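Engineer: Read off the chains here:
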Amino acid sequence: MNCAQVPNVDLAALYRDSGIGDVLAELDRDLVGLVPVKTRIREVAAHLLVERARASLGLAGGAPTLHMCFSGNPGTGKTTVALRMAEVLHRLGYIRRNHLVSVTRDDLVGQYIGHTAPKTREVLKRAMGGVLFIDEAYYLYRPENERDYGQEAIEILLQTMENQRDDLVVILAGYAARMEVFFESNPGFRSRIAHHITFPDYDDAELLDIAERMLATMHYRFDADSRRAFADYLALRTRQPNFANARSVRNALDRSRLRQANRLFATAMRGGAAIDAAALTLIAAADIRGSRVFAEPLAASDEAPVSSHATRAVPAPPG
Amino acid sequence: MRITQGTFSFLPELTDEEISLQIDYALRQGWACSVEYTDDPHPRNTYWEMWGMPMFDLHDAAGVLQEVKACRAARPQHYIKINAFDSVRGFETMRLSFIVNRPDDEPGFRLTRQDGVGRVQRYGLSGYAGDRPSGERYVSGR
Numbered sequence: 001m002n003c004a005q006v007p008n009v010d011l012a013a014l015y016r017d018s019g020i021g022d023v024l025a026e027l028d029r030d031l032v033g034l035v036p037v038k039t040r041i042r043e044v045a046a047h048l049l050v051e052r053a054r055a056s057l058g059l060a061g062g063a064p065t066l067h068m069c070f071s072g073n074p075g076t077g078k079t080t081v082a083l084r085m086a087e088v089l090h091r092l093g094y095i096r097r098n099h100l101v102s103v104t105r106d107d108l109v110g111q112y113i114g115h116t117a118p119k120t121r122e123v124l125k126r127a128m129g130g131v132l133f134i135d136e137a138y139y140l141y142r143p144e145n146e147r148d149y150g151q152e153a154i155e156i157l158l159q160t161m162e163n164q165r166d167d168l169v170v171i172l173a174g175y176a177a178r179m180e181v182f183f184e185s186n187p188g189f190r191s192r193i194a195h196h197i198t199f200p201d202y203d204d205a206e207l208l209d210i211a212e213r214m215l216a217t218m219h220y221r222f223d224a225d226s227r228r229a230f231a232d233y234l235a236l237r238t239r240q241p242n243f244a245n246a247r248s249v250r251n252a253l254d255r256s257r258l259r260q261a262n263r264l265f266a267t268a269m270r271g272g273a274a275i276d277a278a279a280l281t282l283i284a285a286a287d288i289r290g291s292r293v294f295a296e297p298l299a300a301s302d303e304a305p306v307s308s309h310a311t312r313a314v315p316a317p318p319g
Numbered sequence: 001m002r003i004t005q006g007t008f009s010f011l012p013e014l015t016d017e018e019i020s021l022q023i024d025y026a027l028r029q030g031w032a033c034s035v036e037y038t039d040d041p042h043p044r045n046t047y048w049e050m051w052g053m054p055m056f057d058l059h060d061a062a063g064v065l066q067e068v069k070a071c072r073a074a075r076p077q078h079y080i081k082i083n084a085f086d087s088v089r090g091f092e093t094m095r096l097s098f099i100v101n102r103p104d105d106e107p108g109f110r111l112t113r114q115d116g117v118g119r120v121q122r123y124g125l126s127g128y129a130g131d132r133p134s135g136e137r138y139v140s141g142r
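Here the protein sequences line up with chains U and S, keeping their order.
Residue numbers for the first sequence follow my numbering, beginning at 1 and rising by one.
Residue numbers for the second sequence follow my numbering, beginning at 1 and rising by one.
Keep in mind that the hints were calculated from the coordinates and are not lab data.
This structure is a prediction, so every number in the text was calculated from the model and none was measured.
Any given hint could turn out to be false.
Partial selection, computed: residues in chain U whose CB lies under 8 Å from chain S [said to hold, decoys possible]: (1) ARG16; (2) ARG126; (3) GLY129; (4) ASP167.
Incomplete in silico selection of chain U near chain S, CB under 10 Å [said to hold, decoys possible]: (5) ARG97; (6) PRO118; (7) LYS125; (8) MET128; (9) GLY130; (10) GLN164; (11) ARG227.
Over 12 Å on every C-beta distance to chain S, these chain U residues come out as not near it, computed from the model [unchecked claim]: (12) ALA46; (13) GLY150; (14) PRO187; (15) MET214; (16) ASN242; (17) ILE275.
Don't be surprised by glycine CBs; every beta carbon is placed ideally from N, CA and C.
Only chain U is shown next, with the shape it has when bound in the complex (with noise of 0.2 Å):
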């Protein structure tokens, strides 16, 4: 208390007490990518900060705002920045507790006249004093069908983000292109969120930079080859239809691991020596080019290199 003195505050010294730093630089590391994701975070935090320094002086100037819009393409990262933006803002003091509440149109719509309001009620008051995540949030309003109970749902949605400012943060996710459409149909949403977040795209960098960080949490490795293998991949597969960035990069792994694990078993059936932890754990460049994108674009009838195995699933395609 040192209200004889000239009243300041030590804002770097507030900065250091609150952890803030570790969060961000937790986030800086975990998350490749996202810049305007991660400088919108630390606007917010230096903005709480400061409504923190305001308030020791006497200068209240009301909670901030933190509902949010995350819009982008499949994939990049809507989701998983969401679930730790209960973490960031529990850190930073702005709600209570650090816990969210994840839900999407089944949790809140009902199925009869009478059953939505309760519904949705009860999932506020799940969610209070942490962060309510409505993922693919677009499917609230179904504009084909004007009787649709979603309004509703909508409607105590909204009034709660207005009244119940202190005890809730709401997040939004959903596709770009369409949660531009349920905002368009509900302008009282997009006015009652601050934040409108955009996830840009992953270049091919940062898809590496990811698959490599999937594959170590996996306790997988690329070596040399396969790491060029795989940014041949990427090269190939971001130009085709459906690419779900980090998505598209996990499904990738995954039938890597199976083609891994199909090659070293062919090897023991064959009589080879017992393996090591060295060779369980490498994602060889044969297993990411036995990839069918390496195959189509050469409509070729050979089969994708590594495939000699007999029971091959997957038949090559004809031509």
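Assemble chain S onto chain U, guided by the hints.
Structural biologist: For chain S alone, kept in the frame of chain U given last:
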């Protein structure tokens, strides 16, 4: 006469902050909270009216407090209490119950005596407010 039922009833009225701290405690123990109200606070009246369903899976007091406020707004001159239910096998009962709202004017209870067979005295309690029909019992004080 101030009615003393449940936990904390000999203390001064709890503020909303104190109530939410108590709810937080109950939630931390894994108890589910519910809100009930009545205008018949006879000690033997175990079954108060339920204000909505018991609230399971909450993590924060704000949700329960929201229901308490809604109940107060709708029934300002009723007794309102919060119950915390422990579902652990072996307990399966209320672990905590306290009054969070009471009427402005509490007339209290009268001791009634009844002569039984052979001049046996039977004693009972009846609330002064209980003579009026339900819903009108505590409104006169306003």
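Engineer: Indicate, hint by hint, whether the structure satisfies it.
Structural biologist: Each hint tested on the structure:
Violation of the interface hint for U/ARG16 is found here, the shortest Cβ-Cβ separation to chain S being roughly 29 Å, above the 8 Å cut-off. Here the hint on U/ARG126 is kept, as its CB sits about 5 Å from the closest CB of chain S, short of 8 Å. At about 3 Å, the closest approach between the beta carbon of U/GLY129 and any beta carbon in chain S falls short of 8 Å, and the interface hint on this residue holds. Checking U/ASP167 against chain S by beta carbon gives a least distance of about 4 Å; that is within 8 Å, so the hint holds.
Annotation: U/ARG97 was flagged as interfacial toward chain S, and the flag holds, the nearest CB pair being 5 Å apart, inside 10 Å. Interface restraint check for U/PRO118: the shortest CB-CB distance to chain S comes to about 8 Å, inside 10 Å, so the restraint holds. Of the supplied interface hints, the one on U/LYS125 holds, with its beta-carbon coming within about 3 Å of a beta-carbon of chain S, less than 10 Å. The restraint placing U/MET128 at the interface with chain S holds, with a minimum CB-CB distance near 4 Å, inside the 10 Å limit.
Hint on U/GLY130 holds. Least Cβ distance to chain S is approximately 6 Å, under the 10 Å limit. Hint status for U/GLN164 relative to chain S: holds, with the closest Cβ pair at about 7 Å, below 10 Å. For U/ARG227, the shortest C-beta to C-beta distance to chain S is roughly 44 Å, which exceeds 10 Å, and the interface hint is violated. A cut-off of 12 Å between C-beta atoms confirms that U/ALA46 is not in contact with chain S; the least separation is 26 Å.
The Cβ of U/GLY150 sits about 22 Å from the closest Cβ of chain S, beyond the 12 Å cut-off, so the non-interface label holds. With a minimum CB-CB distance of about 27 Å to chain S, U/PRO187 clears the 12 Å threshold, and the non-interface call stands. For U/MET214, the condition that its CB be more than 12 Å from all CB atoms of chain S holds, with the nearest at approximately 31 Å. Here U/ASN242 stays apart from chain S, with its beta-carbon at least about 37 Å from theirs, past the 12 Å limit.
Every C-beta of chain S lies more than 12 Å from that of U/ILE275, the closest at about 47 Å, which supports listing it as non-interface.
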